[in-house]
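Asks: Here the structure of chain A is known, so what remains is to put chain B in place on it, guided by the hints.
Those sequence lines, one after another, are chains A and B. Take 862 as the starting number for the first sequence in our numbering and just add one per residue. Take 862 as the starting number for the second sequence in our numbering and just add one per residue.
None of these hints come from the bench; they were simulated from the model. Errors might be hidden in some of the hints.
The list treats identical chains as interchangeable, and a pair is accepted whether it falls inside one copy or across any two copies.
Said to hold, decoys possible - Simulated pairs of lysine-lysine, PhoX-like, Cα-Cα distance not exceeding 20 Å:
#1 K1027 to K1194
#2 K871 to K1019
#3 K885 to K1153
#4 K1101 to K1141
#5 K969 to K1265
#6 K1142 to K885
#7 K871 to K1194
#8 K1194 to K873
#9 K1194 to K1265
#10 K909 to K1019
Here is how the chains run, residue by residue.
Protein chains: 2
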Amino acid sequence: MTTLEQMGAKAKDASRFLMTAGSKKDIALGAIAAALCENCEEILAANKIDLENGEKSGLTASLLDRLRLSEERINGMADGVRQVAALPDPVGRVLDGRTLKNGLQIEKVTVPMGVIGIIFEARPNVTSDAAALCLKAGSAVILRGGKEAFHSNMAIAKVMRDALEKAGFPRDCVALVEDTTRQSATELMQLSDYLDVLIPRGGAGLIKSVVENAKVPVIETGVGNCHIYVDKSADIEMAKNIVFNGKTSRPSVCNALETLLVHKDIAEKALPVIKAELDKKNVEIRGCDRTKQILGDCVVSATEEDYRVEFLDYIIAVKVVDSLDDAIAHIQKYSTGHSECIVTSDYNSANEFTARIDSAAVYVNASTRFTDGGEFGLGAEIGISTQKLHARGPMGLNELTSSKYIIRGNGQIR
Amino acid sequence: MTTLEQMGAKAKDASRFLMTAGSKKDIALGAIAAALCENCEEILAANKIDLENGEKSGLTASLLDRLRLSEERINGMADGVRQVAALPDPVGRVLDGRTLKNGLQIEKVTVPMGVIGIIFEARPNVTSDAAALCLKAGSAVILRGGKEAFHSNMAIAKVMRDALEKAGFPRDCVALVEDTTRQSATELMQLSDYLDVLIPRGGAGLIKSVVENAKVPVIETGVGNCHIYVDKSADIEMAKNIVFNGKTSRPSVCNALETLLVHKDIAEKALPVIKAELDKKNVEIRGCDRTKQILGDCVVSATEEDYRVEFLDYIIAVKVVDSLDDAIAHIQKYSTGHSECIVTSDYNSANEFTARIDSAAVYVNASTRFTDGGEFGLGAEIGISTQKLHARGPMGLNELTSSKYIIRGNGQIR
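One chain only, chain A, in its complex shape:
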């Protein structure tokens, strides 16, 4: 057995304990939250090593900021764990049921997944956030974080495992892969004897590697090439506000706007208004020929690649389209299936867009930035699924469960 297989086997055992742990899970989560606060100094000391290493290896200021912990941030992590504990138990809900003619009583109930693998990148707070959600959902979790946060993640995982043990839980309910090489990520993607599902949280590169290598069921998350289409009937003021919010309120996240499509009949009026707003944040515009005709030479010529890519930056691709059909065709071609929006005052255009756009979240007259578990009222979020199997869009605790049928009889045979 490899180290990872041993970890998988231990996690599988722990998952059997969790399966029937019921509300005791909340006690364990409370213990974890308290332990995070109590061991704040140890965690900060480990974080300091990561920060020093990060500075030496030339991490950008924004990456260093994502990596940095403080007493306040650790208290925030503990609060997050307590909030998860306070949510309703997603396990044991009866989803469906009936009594068959032969007297069999059949019910479909939610059950834990078993063992969940999570691959994530720079932020150390994901260690406690993700572990808390998996525990609450009755599953053991194997975490594999990025090398930048290695010492922080190790310290946080140790605190959680110690707290679990003190609370009478197997410490292997939470495990952290100590090897942060690419090899260990690939091995985790292929741990099919032990892993019931893998959730990669990261950029396009990680998702691509998972699609190529995974031999366990996967929930893809996060890549968002999000579009907004400004219909000819749009309220230009509203369109301007939604574009500005979608593009500039937080350009680095997956629900940020990447491409603006504008109907030709409104482009001459709308584009200058939108551009003036985007100029406030120095957003670079990469446009089609018609966009350039309207906005002038300040617009960079958009390439095919510009329509395909997730900029995650103060850059927006713009295209003038002839019709709603053309806008839909463009989105069908380039979308990653995350979030798209139409701004319109036309009832039929709104219906057409919501019916034909096949993305996790389809908006009429609202910012794509709302695609988020917290905003949607799911209580907490483990990620945003861009696939169609099992979960689509923001995933909360319910999406971390599976189901089984329980059938009660008194001797029925077929």
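Replies: Below, chain B without anything else, positioned relative to chain A:
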């Protein structure tokens, strides 16, 4: 583009038509049913070629029977298509919804998967059954059948595609892979640009190949190493009937019983009664040492492999266990997560078993043979999922859909 990629691109286009086809899908299904009956002779002629080839290549009598079509069987296929048409539309159901404080109206609605791939083996009737279910669920389907049924499948697919075209639908709503080499199956498993989900229907070999090779989301189906545990408090007469039914009513299917576990306190009384019943069908018993002590030398010594394998035959593995805990531990070790049963008259044992056994269907005092979409009242079945993601147990039309969020606002920004 390879031939399969071209097929995938056409199927994706067709799926966009189907996405908004609504109740027109039922008209197309009616046309397909009528066309199957009208073109019965052509289909039978193609089937005759497969049967002749099968005889030449030495297919077993039971495989030849599965392959054989008749006017009656083709009418049965047409009836199956009509029954699917009569089911409620699984697309457009509102699963959840709320109005947020900021006024956003959010709803989660079911939508088609898009393009579904199905790999199946000998039975040509799967061609129309599976296609009808996928169409009703609003998805295009790419079918890849076994080489034994090649001519039959081609004829059935042609009839369906012609009927679709006459009904005003794209004929590429249904496609059949003409290449029946192993290579084409592998290529289909990796068609990630076009396939939204792959459902392999077949034995352990196919499932293993899919786990190894697939780069698209998969719903695993069908491998069932099903267990029955006869508790010390069991009604022996009931246990006897359920074991006999589970093992002998149809040994070749995935919900058939493979292993019998018996509590030591009841083994001496129960095993001879059960054996006498199984003898009526000459079931071979492979038992542990204690089983042999009770039943004598007619029992073959069970190997580790006997507890692991799906016999799909008149063979049963038997083991005497010390406790409910031991029975559960055995099942956790060897089960494929399909269907397991406890026979008991003890309330706590029943609860313990249903809570701790992590399989798609967990029975108290009833035969595992009930694990079936029709028996469960799902209306129709595309297969039985043995994985935890998306669908578990018998899958009907609802399990062939995905969902999306539609969010309606009036200018909200975040």
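Asks: Going through the earlier hints one by one, which of them does the structure break, listed in rising order?
Replies: 1, 3, 6
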